[in-house]
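All chains, please: the whole structure from these sequences, using the hints.
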Amino acid sequence: SLCSFIQGDLDRLNDACIHLSLELECFIEVNCFCGVSRKSDGWVGLGCCELAISAECRRECRQASSKNDITKVCKKVTEVSPMGSTCCSYAGRHTTCREYCQAIFRTDSTPTVSQINAVKDYCQSHSAQLLSCVSNFTKSYPIRSPIDSLYCCDRAEATHCQIACRRILRTMNTEHEIMEGLIEECGSQPLPQEPMWQCFLGSAHPPSPPEEETPHPAKMDSAKLHCCSKANTSLCRDMCLEISTNWGSQTWQDFDQPCEYNPVETELINCLADVREPCQLGCKDLTYCTNFNNRPTELFRSCNVQSDQGAMNDIKLWSNGTIKMPFMNIPVLDIRKCLPDMWKAVACSLQIKPCHRKSRGSVICKSDCVDILTQCGDRKRFHEGQTPERICEVLSPIDDPERCIPLHRYLSDSLGNNIEEVIHPCNPNPCPSNHLCQVNRKGCLDELNCQPYLCVPGCKMGEASEFLVQQDARVQVPTHTGPPGCYEVCSCGPSGRLENCVEMPCVDTSKPCIIGGQRKSHGTSFRIDCHTCSCFAGDTICSTRECLGFSSSEEDRQHFTGLPCSCPDHFIPVCASNGRTYPSACVARCMGFKDHQFVFGQCRLSNPCGSRCIPKYSVCLSDVSDCPQYECVGRPAACDKNSVEPACDTDGLVHPSLCQLQQAGKTLAYMGHCQDGCRKPQQVCGHNGETYNTVCDAFADRVAVDYEGPCHTVGSVSDMASDSACSLIPCPPLSTPGCHPVTPPGACCPICASMLQILWNKEQMNTFSKLNKNKPVTVHDILQSLRLHVSVPQCDVFGFLSIDHELVVLIAPVDQRPTPLQIEACSKEAEKIDSLINSASPTLVSQVPLSAFLTSEIKTSSIHSTGGTPPSPLPPYLCFLLGFLLAIAPGIHQL
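Residue numbering for the sequence shown follows the numbering used here, starting at 1 and increasing by one per position.
Think of the hints as simulated: they come from the structure by calculation, not from any bench.
Please note: incorrect hints may appear among the correct ones.
Simulated crosslink set (EDC-like; lysine to aspartate or glutamate; CA at most 20 Å straight-line) [as the list claims (entries may be wrong)]:
| no. | residue 1 | residue 2 |
| --- | --- | --- |
| 1 | K775 | D676 |
| 2 | K366 | D399 |
| 3 | K511 | E763 |
| 4 | K762 | D623 |
| 5 | K324 | D371 |
| 6 | K666 | D676 |
| 7 | K641 | E447 |
Here's what the structure looks like:
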């Protein structure tokens with residue numbers, strides 16, 4: 001009767017089973033969903049195992065030969081957390097209400113929408129305290145939106161049903177309304193054999209597409225598919241490809257056993273971890289793993305309530321005397337008595353998952369592993385040949401504290417108490433499951449209800465993917481049939497799916513580069529003299545830095561300017577056709593420009609406009625089309641009132657958008673909120689060699705300031721050259737005493753920031769431009785995309801194209817006097833992005849045009865103690881407001 005009633009709705013089946021002491025018992029009894037006939041002993045086989053809720057229970061189920069074999073583990077997964085015990089006690093004698101409440105607080109699963117609604121339905125007349133308590137807990141979970149299932153509408157056979165389905169999912173909210181609407185419009189009952197209903201009701205394990213149907217890229221997990229090419233063994237590569245492209249018999253649990261702890265697959269495993277749970281700064285509000293709280297400059301993959309409770313549940317399971325891994329069991333003594341704090345640190349580390357710059361994996365260090373198993377391993381029950389050293393050689397083969405998790409760090413509370421200096425508005429994620437969370441750097445029309453974050457509509461990288469990209473973004477996804485190196489570029493459409501996919505020319509990733517008789521494989525980065533190089537499909541792409549050999553004479557060293565082609569360091573600027581100002585015609589010619597492709601003077605000091613035109617200065621990285629320096633506009637009759645992109649006019653008045661500024665007949669001064677310090681022109685020189693009327697104008701262009709006054713010199717782009725040309729430049733003082741700064745290439749003055757120097761592929765940039773109707777790829781496009789990867793409002797992104805054509809990206813604090821903690825946070829953000837570039841992580845390089853990045857070099861700022869009094873931190877409210885300013889916000893320290 002239960003089978004007949006549920007009709008394949010696995011979510012409701014899940015809810016019905018929650019109250020049983022043995023979770024799999026229910027699935028076994030209703031095995032009509034498993035597609036497996038009942039065996040004589042009542043065991044239905046592996047089909048049902050994937051329906052189990054906890055990973056531990058699924059693993060036991062697959063290894064079992066009968067139902068009785070799984071009883072011991074699967075009875076234990078319904079434990080309720082301490083917080084749940086408190087909340088549910090408010091139910092009093094109302095048993096049904098209490099049971100539904102307890103289902104919310106299971107320590108091994110995430111509450112579903114059905115469970116949350118059930119508590120509201122059954123408990124609202126019994127206990128307001130219970131509802132409030134449950135609400136405080138469930139609000140930390142992302143909300144599942146009905147439009148997450150839009151792709152199921154395509155499975156309907158009738159066109160009118162497809163159209164109605166999309167309308168219903170976009171306009172109705174409750175499950176009941178949606179079910180009733182679909183039944184009425186499509187004229188069919190929710191039967192599992194109907195493709196559309198099969199998709200809705202079986203969404204936990206979507207069905208495979210028919211053989212004759214050609215899968216669309218959106219039907220797979222394109223983000224994880226990016227990772228498969230990183231596999232070093234054919235077994236793991238084939239399994240990764242199969243699971244990422246087909247919904248067949250294999251699962252990621254099957255993949256884990258041969259690949260998860262295989263030391264040769266570290267690159268693949270780290271890539272998959274980036275997709276599932278990207279590293280983010282900060283951790284807070286944990287109630288069990290409290291030693292992980294208040295660490296605003298450390299990176300974690302999974303700092304949330306679920307992982308916190310998962311660690312507590314792990315400790316309970318391990319207390320039985322055995323730690324069960326996918327391919328081995330480790331017998332241990334009573335961990336409640338033997339090093340309990342260390343075991344808690346282990347459980348919390350594996351769940352909260354700290355990640356580091358050099359290795360983003362989350363494994364504890366080998367010495368800690370050996371130490372804890374030497375003291376607490378139950379050697380009497382070790383298998384033959386098992387020793388702590390051999391076990392740890394498999395589980396934790398690394399002992400470099402920059403590549404593994406040192407447990408001693410988490411044996412005590414964090415000493416940090418100034419956590420207001422750095423906030424993390426998107427961690428934990430406050431947005432619905434189909435939206436991305438972004439730091440709000442624009443401000444709001446209604447400042448009383450302004451949040452430090454924005455929830456932006458996004459698209460999944462495939463139906464089976466949880467990785468989102470921003471609406472209107474363009475992404476590079478591997479093709480489902482082609483060999484490695486074949487990609488499509490798709491756009492994220494308003495439907496919430498990838499669409500308008502266009503195939504790119506395939507890249508021969510099997511072709512090596514031969515350097516000095518040595519073979520370098522595709523994607524490998526290396527140094528040749530002072531050059532940074534990368535192998536791309538057999539072509540060696542290197543920076544164009546000017547090198548000074550060790551055998552150079554003293555005279556050569558004295559005359560070495562470090563500029564391209566050893567050009568003199570005179571500043572007689574020319575504006576090239578790519579929109580970049582070069583310090584001289586010599587440098588422009590050296591970088592490949594013909595005489596007719598540049599004019600004398602700085603690019604920004606020319607006026608490219610006639611009537612109905614706004615200057616929009618750009619530096620283009622692609623050269624298959626023109627690089628316009630203006631934008632043609634009219635006076636629109638109506639502007640989008642919901643669009644917030646503040647713009648300041650030359651009278652010092654701010655407008656909600658450029659459209660409304662135009663509508664008012666005003667002239668644009670710079671994008672962003674108006675600043676009092678920028679009311680009067682006060683020229684500054686940017687790192688890009690351009691002169692700006694105000695510091696606000698520079699920061700609106702995403703360029704940091706080198707020195708006050710117009711540009712009149714050029715600094716070295718080589719570490720080996722002297723900065724004699726800069727000797728007469730009065731540099732501003734550093735923002736923080738004791739800061740160990742960086743000096744960007746071509747600049748004169750040091751800055752307290754972290755710097756990335758990125759080598760990129762021009763041919764890729766040209767390809768992306770062609771695929772986008774010859775719209776040029778600009779430096780501003782790159783910087784805006786990278787800003788989305790900086791999750792701390794106290795840090796922002798600037799950058800420019802250096803005169804030797806490397807992309808220079810600065811991640812700098814925005815506060816007037818940044819604290820050491822804020823400078824460290826910006827350094828960590830820079831290290832994170834540097835790591836994503838150099839590992840070709842799909843979380844970054846799947847995005848166009850960032851996918852043209854080849855390799856990155858990083859220099860970070862740090863604070864050296866001077867023994868003096870550190871600068872006072874700004875009040876928390878001011879930190880909060882600074883996060884709202886548009887691109888000019890970081891300019892506050894210059895004002």
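* For the pair supplied as a hint, K324 and D371, is the alpha-carbon distance within the 20 Å limit? -> holds (19 Å)
* Asked: Within 20 Å, alpha carbon to alpha carbon, are K762 and D623?
  -> holds (9 Å)
* With a cut-off of 20 Å on the C-alpha distance, tell me whether K775 and D676 pass. => The given pair, whose Cα atoms are some 36 Å apart, is violated under the 20 Å limit.
* Asked: Would the pair K511 and E763 pass a check requiring their Cα atoms to be no farther apart than 20 Å?
  -> holds (17 Å)
* Verify the proposed pairing of K666 with D676, using a straight-line Cα cut of 20 Å. => holds (18 Å)
* Asked: Within a Cα-Cα threshold of 20 Å, do K366 and D399 meet the stated pairing?
  -> holds (5 Å)
* Compare the distance between the alpha carbons of K641 and E447 with 20 Å, and conclude whether the hinted pair is satisfied. => With a Cα-Cα distance of about 15 Å, the restraint between K641 and E447 holds, given a limit of 20 Å.
Checked against the numbered hints above, the structure breaks only hint 1 and satisfies the rest.
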